[in-house]
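Peer 1: Each chain, letter by letter, is given below.
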Amino acid sequence: MAAELHVELVAADRSVWSGEATLVVARTTSGDIGVMPGHQPLLGVLESGPVTIRTSDGGTVVAAVHGGFISFADNKLSLLAEIAELADEIDVQRAERALERAKSDTDAGAERRADVRLRAVAAH
Amino acid sequence: MGAQLRVYKRRIQAVTATKKITKAMEMIAASRIVKAQRKVAASMPYATELTRAVTAVATGSNTNHPLTTEAESPARAAVLLLTSDRGLAGGYSSNAIKAAERLRERLAAEGKEVDTYIVGRKGVAYYGFRERKVAESWTGFTDSPEYSDAKKIAEPLIASIQKDTAEGGVDELHIVFTEFVSMMTQNAVDGRMLPLSLDEVTEESTEKGEILPLFDFEPSAEDVLDALLPRYVESRIYNALLQAAASEHAARRRAMKSATDNAGDLIKSLSRLANAARQAEITQEISEIVGGAGALADASAGSDK
Numbered sequence: 157m158a159a160e161l162h163v164e165l166v167a168a169d170r171s172v173w174s175g176e177a178t179l180v181v182a183r184t185t186s187g188d189i190g191v192m193p194g195h196q197p198l199l200g201v202l203e204s205g206p207v208t209i210r211t212s213d214g215g216t217v218v219a220a221v222h223g224g225f226i227s228f229a230d231n232k233l234s235l236l237a238e239i240a241e242l243a244d245e246i247d248v249q250r251a252e253r254a255l256e257r258a259k260s261d262t263d264a265g266a267e268r269r270a271d272v273r274l275r276a277v278a279a280h
Numbered sequence: 479m480g481a482q483l484r485v486y487k488r489r490i491q492a493v494t495a496t497k498k499i500t501k502a503m504e505m506i507a508a509s510r511i512v513k514a515q516r517k518v519a520a521s522m523p524y525a526t527e528l529t530r531a532v533t534a535v536a537t538g539s540n541t542n543h544p545l546t547t548e549a550e551s552p553a554r555a556a557v558l559l560l561t562s563d564r565g566l567a568g569g570y571s572s573n574a575i576k577a578a579e580r581l582r583e584r585l586a587a588e589g590k591e592v593d594t595y596i597v598g599r600k601g602v603a604y605y606g607f608r609e610r611k612v613a614e615s616w617t618g619f620t621d622s623p624e625y626s627d628a629k630k631i632a633e634p635l636i637a638s639i640q641k642d643t644a645e646g647g648v649d650e651l652h653i654v655f656t657e658f659v660s661m662m663t664q665n666a667v668d669g670r671m672l673p674l675s676l677d678e679v680t681e682e683s684t685e686k687g688e689i690l691p692l693f694d695f696e697p698s699a700e701d702v703l704d705a706l707l708p709r710y711v712e713s714r715i716y717n718a719l720l721q722a723a724a725s726e727h728a729a730r731r732r733a734m735k736s737a738t739d740n741a742g743d744l745i746k747s748l749s750r751l752a753n754a755a756r757q758a759e760i761t762q763e764i765s766e767i768v769g770g771a772g773a774l775a776d777a778s779a780g781s782d783k
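For the record, the sequence lines run as chains A and B. Numbering-wise, the numbering used here puts 269 at position 113 of the first sequence, and it's gapless, one number per residue. Numbering-wise, the numbering used here puts 760 at position 282 of the second sequence, and it's gapless, one number per residue.
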């Protein structure tokens with residue numbers, strides 16, 4: 157059995173996903189980072205973007221994370237985000253509409269959020 | 479129907495209508511407590527993970543962040559007071575306000591100026607009536623707060639703590655809210671959010687006796703702390719808002735339950751009085767009839783002669 161790490165993906169108001177994984181890739185402010193079991197204890201600031209979790213049964217979970225933190229210790233990884241959504245939960249059409257609207261309103265925050273959602277779906 | 483009896487009947491009707499309303503409010507509040515408690519539970523994983531992370535950075539690095547070090551002579555403190563938007567919740571809001579008053583006095587005795595921030599219409603009304611200065615206030619979401627509400631509240635608070643005291647910033651950040659202990663017990667408590675007292679945080683997160691490892695910070699400990707602390711404040715405020723909402727519903731349920739019980743007692747004693755009045759009326763009518771019949775009999779007996 158390959159080594160595993162326990163992942164908790166939590167948003168401010170709920171626990172989004174938790175389970176065992178072999179690899180987690182996330183984007184921190186200083187670049188993409190991949191965490192595998194046995195990584196050195198780590199605490200980083202996340203950028204808005206998709207997070208890819210390779211689960212231990214061979215599947216892939218992609219989530220859109222809007223800012224937050226990654227912390228890893230004792231083979232337990234926590235991804236903290238104010239807002240986090242799994243790619244499966246994202247309504248593509250709605251995100252596209254939101255992107256259009258945000259672009260026409262030049263609302264940078266909304267545009268970024270919609271863009272992150274779409275990228276998460278594309279990576280899925 | 480006699481006048482007395484009619485008055486009683488009308489009062490019974492009025493009290494019955496009130497009882498129906500209070501009973502409905504009690505049941506609504508009871509169902510909302512459960513929902514609010516579930517929200518508190520759902521926000522816990524984020525809060526505990528965040529507290530762990532803050533502890534890890536604050537203890538695991540020798541950073542000297544303004545938000546974790548105490549000012550040498552704190553001159554001004556901000557107090558965030560959480561009250562409810564609506565009344566009919568017993569002593570809920572007034573207990574929170576009283577706790578805030580006590581905190582104010584304590585801070586004033588320590589020589590600090592107090593800036594007050596208020597959530598909830600009741601607190602705003604209290605301060606407005608006394609014409610006290612309120613730095614900022616928010617209303618309209620106390621019964622089911624969202625994370626965005628907590629963000630909205632945290633924003634000016636964080637901004638003012640980052641400002642210099644001379645320019646109107648504050649050195650300390652306190653919060654007064656009603657802690658949800660159980661369905662029957664809720665306590666108005668005050669606590670200091672910033673500067674972080676590390677002992678307290680460490681105590682919270684290392685209850686299980688875990689030793690925090692040495693972390694690798696990405697990009698650097700200062701940057702991580704910079705990003706973490708505002709989130710920490712937001713999360714603390716969010717948690718306090720949720721607990722306050724659960725407490726508000728519990729307090730309202732209790733208040734409405736005793737109102738319903740009292741209405742029941744009132745209806746009982748009023749119906750006793752109404753029964754007595756009816757009996758008195760009947761007795762009076764009978765004696766009138768008997769008396770009338772007697773008078774008639776006497777009169778006719780007299781005419782026979």
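FYI, nobody ran anything at the bench for these hints, they're computed from the structure. Please read all numbers here as calculations on a predicted model, not as lab measurements. Every residue, glycine too, gets a C-beta built ideally from N, C-alpha and C. Please note: incorrect hints may appear among the correct ones.
[As the list claims (entries may be wrong)] Taking lysine-lysine pairs in the BS3-like style, the calculated list, with each CA pair at most 30 Å apart, reads:
| no. | chain 1 | residue 1 | chain 2 | residue 2 |
| --- | --- | --- | --- | --- |
| 1 | B | K611 | B | K630 |
| 2 | B | K629 | A | K232 |
| 3 | B | K735 | B | K501 |
| 4 | A | K259 | B | K746 |
| 5 | B | K629 | A | K259 |
| 6 | B | K630 | B | K641 |
| 7 | B | K487 | B | K641 |
| 8 | B | K629 | B | K576 |
| 9 | B | K576 | B | K746 |
[Said to hold, decoys possible] What follows is a list of derived Cβ distance ranges for each label pair:
| no. | chain 1 | residue 1 | chain 2 | residue 2 | range |
| --- | --- | --- | --- | --- | --- |
| 10 | B | E633 | A | D247 | 42 to 48 Å |
| 11 | A | H162 | B | S660 | 47 to 53 Å |
| 12 | B | R584 | A | D263 | 49 to 55 Å |
[What the hints assert, rightly or not] Computed list of chain B residues with no C-beta within reach of chain A, every gap over 12 Å:
| no. | residue |
| --- | --- |
| 13 | G569 |
| 14 | E588 |
| 15 | A644 |
| 16 | S660 |
| 17 | A771 |
Peer 1: If a hint holds in the structure, say so; if it does not, say that too.
Peer 2: Cross-check of the supplied hints:
{"no.": "1", "hint": "K611(B) to K630(B)", "in the structure": "20 Å, holds"}
{"no.": "2", "hint": "K629(B) to K232(A)", "in the structure": "28 Å, holds"}
{"no.": "3", "hint": "K735(B) to K501(B)", "in the structure": "7 Å, holds"}
{"no.": "4", "hint": "K259(A) to K746(B)", "in the structure": "67 Å, violated"}
{"no.": "5", "hint": "K629(B) to K259(A)", "in the structure": "24 Å, holds"}
{"no.": "6", "hint": "K630(B) to K641(B)", "in the structure": "18 Å, holds"}
{"no.": "7", "hint": "K487(B) to K641(B)", "in the structure": "65 Å, violated"}
{"no.": "8", "hint": "K629(B) to K576(B)", "in the structure": "26 Å, holds"}
{"no.": "9", "hint": "K576(B) to K746(B)", "in the structure": "36 Å, violated"}
{"no.": "10", "hint": "E633(B) to D247(A): 42 to 48 Å", "in the structure": "29 Å, violated"}
{"no.": "11", "hint": "H162(A) to S660(B): 47 to 53 Å", "in the structure": "32 Å, violated"}
{"no.": "12", "hint": "R584(B) to D263(A): 49 to 55 Å", "in the structure": "44 Å, violated"}
{"no.": "13", "hint": "G569", "in the structure": "29 Å, holds"}
{"no.": "14", "hint": "E588", "in the structure": "33 Å, holds"}
{"no.": "15", "hint": "A644", "in the structure": "31 Å, holds"}
{"no.": "16", "hint": "S660", "in the structure": "23 Å, holds"}
{"no.": "17", "hint": "A771", "in the structure": "81 Å, holds"}
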